[in-house]
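Protein chains: 2
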Amino acid sequence: MSETTPHWLTKRADLSPDKNAIEFEDGNSISYLELFHRSQSYAKKLANLGLQQGDHIAILSTNCVEMIQTVYACSYLGTVVVLLNTKLTINELNQQLIDSDSTLIITSESFTKSEFEVQKISYNELESVSEKQNSIMLNEEICLDDIFTMMYTSGTTGFPKAVQQTYGNHWWSATSSVLNLGLHENDKWLIPLPLFHVSGLSTMLKSVIYGMPIYVLEKFDVEKVHDAIMNRNVTIVSVVTVMVQRLIKRLGNNHYPYDFRCMLLGGGPAPKSLLEEAKERNIPVFQSYGMTETSSQIVTLTPEDALKKIGSAGKPLFPAQLKIDHNKNEPNQIGEIIVRGPMVTRGYYKRTEANDKVFENSWLHTGDMGYLDEQGYLYVVDRRNDLIISGGENIYPSEIENVLVQIDGIEEAGVKGIPNEEWGMVPAAYIVCSKPIEMKVLDAHLEKYLAKYKRPKEIHIINELPRNAANKLVRHRLGK
Amino acid sequence: MSETTPHWLTKRADLSPDKNAIEFEDGNSISYLELFHRSQSYAKKLANLGLQQGDHIAILSTNCVEMIQTVYACSYLGTVVVLLNTKLTINELNQQLIDSDSTLIITSESFTKSEFEVQKISYNELESVSEKQNSIMLNEEICLDDIFTMMYTSGTTGFPKAVQQTYGNHWWSATSSVLNLGLHENDKWLIPLPLFHVSGLSTMLKSVIYGMPIYVLEKFDVEKVHDAIMNRNVTIVSVVTVMVQRLIKRLGNNHYPYDFRCMLLGGGPAPKSLLEEAKERNIPVFQSYGMTETSSQIVTLTPEDALKKIGSAGKPLFPAQLKIDHNKNEPNQIGEIIVRGPMVTRGYYKRTEANDKVFENSWLHTGDMGYLDEQGYLYVVDRRNDLIISGGENIYPSEIENVLVQIDGIEEAGVKGIPNEEWGMVPAAYIVCSKPIEMKVLDAHLEKYLAKYKRPKEIHIINELPRNAANKLVRHRLGK
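Residue numbers (my numbering), protein chains in the order written: chain A, 1 to 480; chain B, 1 to 480.
Quick caveat, the hints were computed from the structure, so don't treat them as lab data. Heads up, some of the hints might be wrong.
For chains that are exact copies, the list does not tell them apart, and a pair is met inside one copy or across any two.
Stated by the list, open to error - List time: in silico DSBU-like cross-link candidates among lysine-lysine, alpha-carbon distance up to 35 Å:
no., residue 1, residue 2
1, K19, K323
2, K323, K132
3, K309, K19
4, K440, K219
5, K323, K44
6, K457, K350
7, K19, K272
8, K308, K19
9, K350, K219
10, K323, K350
11, K350, K44
What you are looking at is a predicted structure, and each value in this text was computed from that prediction instead of being measured.
Could you put together the complete structure from these sequences and hints?
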């Protein structure tokens, strides 16, 4: 039976009208009632632009209140929100706009000059649209089976595909997190991560579902995060590994306040030495494992186990299931991680083949490798076949390889991640050429088709790529 | 889409094996892992008795660990649990056993001598059943759409009917409560109420869903509840009005510990003077409103509003909706309370007519009267047409009237509640007789067909019942 709930923001504005919903670094804040009114106003403006239920609307935006209003406005209209990564090139963005069947792109002011292949409107332009219309029906209820958001991920094929997330996926993600981390009256969750990624978005939704203020930074800045924890009553913060390192360094010999209770670490395995340092310093780092397809964390180390099981991502959250996909049912055997649960996407948009490949009886094959110890704790040993995680962003080698071989003279390309002090990992490319390549041409091509963080930081010309007996590229042998 | 989750107890035993699940007044406790093993053992024993998925199994029991094991054992087998009120007469019990299509009744030791119309087994007898069988399949997952429990309620018709509660109803009830009350690492919830009522049962299920120990008393005892709050680290307790009165008296000039954070008050409206006294004494009483049909509380006064809105039951929990069913959409207008949400029953067992009457587009007509103030806070003014709430038990006048008119010589009967210092309300009967009635006969009849708490404490012989123009009994005019 498909469940319906009252619209989350309408309900929260009724339950906690005057409570802070969002706090910003400039000291400003917005209450739930104000967020409700602004979102409804945006919804009416969008309806006056002709948008209606079922339309796909893309958002390209840095973190700001207008972005949050736009997401909720879309849900009032019943349109699907396509969240775009601001670091992408115009080519990558247009590819995703077309693929997602978006009819409009809404942008923050910094993107007003970009040339998109669909109609564009900035927040400023949207503000000046009238909200008067006779027959606008805004959703008063949410059907949990409906698609709410889409986000792009590339995976092993190298072609970005949109993960569809239902309202139910987000709801279950929020409630399963609360059953693990608890919920205190004084909780305030800091988002130093982009809202277009699932980690940021899911926390933004938790704010409304929990009635818990969030503190939103435009982007990660070690000084600002440090200040928020020390002086702004933040109790939980979502981070990626590289941020933990910088925060510990910044903390020096100080201690975080007593009420600061969780540094939720996602986006790839953390070095054991870092976790041990956090433990010694009494910093409550909780390792977790999740992905866009699971609508944020699906495995988290509980408070009780955080110190006993260093290096583990924990156990699957209450309503989730996890198995290692190998023939043996033994502990400590590495295999592919497969997951199931009501927070798991029902599939990629318009990708029947990919969906057939990764779903099996509603179990999702993550492509990540790991094992369970004797007590059933998950240890992730390798993210999705050669996935490179660079400062929290996922980079798929195959996507870069596809772009490289488009260059005349590059016959074959292989990409792997190499360690980098600042970002954790960065991509390095190995190319086989049939004629000399001009670096200027190469750079221009990469700049056009790849976001900066995806561009190889090293390019090596080699004679042939390492391949296995089945002639498959063996990326970890590149450069060896 | 019907959601599945891992079996709740299996999952909790995996996540928090050694944590206390249940604590008892004798100082004993049981961990989640132990509760899991015991419940699985009971499930295998029940399977060996021939019980299987889809069967209906009744439980007649005072609060004890065996009762909790039996409920979970049934869920491992996929059988529906029918929870019976221990205060009922053998006639009432047999009526419910037959109506619910129960094939077995499992009882605590005090009921071993009762004569039931279905097969009976006591916990002691069950213990001696073998659990060895080759082909027992215990559920590893729970489908939220499946019926888990049934409990009887009488309503306006006077004929008890079974409220069906799905796993999903209980799940949503538990998660919606957490979004209102929060969840702390040190939470421990005291149950001084019978587990066969929804208030007790829902807390028992919260224990497993939240990973939160519960402290279970066999029955309400003011000394034991007082001691649990003062000395046993209880943070939340579920109570009915009469208990609050006695607890405040018992507290005297003392104060509850700082960590005691919630006295959740259900089972009917509380006198304003009592709530004000609690406020003055700094006792965190949270008024709530709910019923068997809503799988426990559906409206609760939030911590922020508890002191501002004394006398109100609060606002509907996050995923619930509530309206007052009258033509005007104005505040402060009394009308029937109607509710909707994923914790609301899908209907009474085998009662098509009653279901058609109370459900309208998945809105449940509660029969209770109330109003919403300007801010949308609910004030319950009258429970379900003439419902008498006596020490937390619901008594339906029509049920007593039906029993009275079965006596030869009683032509008509009317029952209403009258104030009583100890129980809040007790039933009083008004009868119209065609010939003299022997009190001995009357008493014997009532004793046979009505649980003690339902028997009229006063019986008045009158000439005619007060009726309105449509010839309908007007109960509030009885005795006036």
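Results of checking the hints against the structure:
no.	hint	verdict
1	K19 to K323	between (41 Å within a copy, 24 Å between copies)
2	K323 to K132	between (53 Å within a copy, 28 Å between copies)
3	K309 to K19	between (37 Å within a copy, 17 Å between copies)
4	K440 to K219	within (31 Å within a copy, 83 Å between copies)
5	K323 to K44	between (46 Å within a copy, 26 Å between copies)
6	K457 to K350	within (33 Å within a copy, 70 Å between copies)
7	K19 to K272	between (39 Å within a copy, 27 Å between copies)
8	K308 to K19	between (37 Å within a copy, 15 Å between copies)
9	K350 to K219	within (32 Å within a copy, 58 Å between copies)
10	K323 to K350	within (27 Å within a copy, 41 Å between copies)
11	K350 to K44	within (29 Å within a copy, 46 Å between copies)
Going down the numbered hints, you'll see the structure goes against none, and every one checks out.
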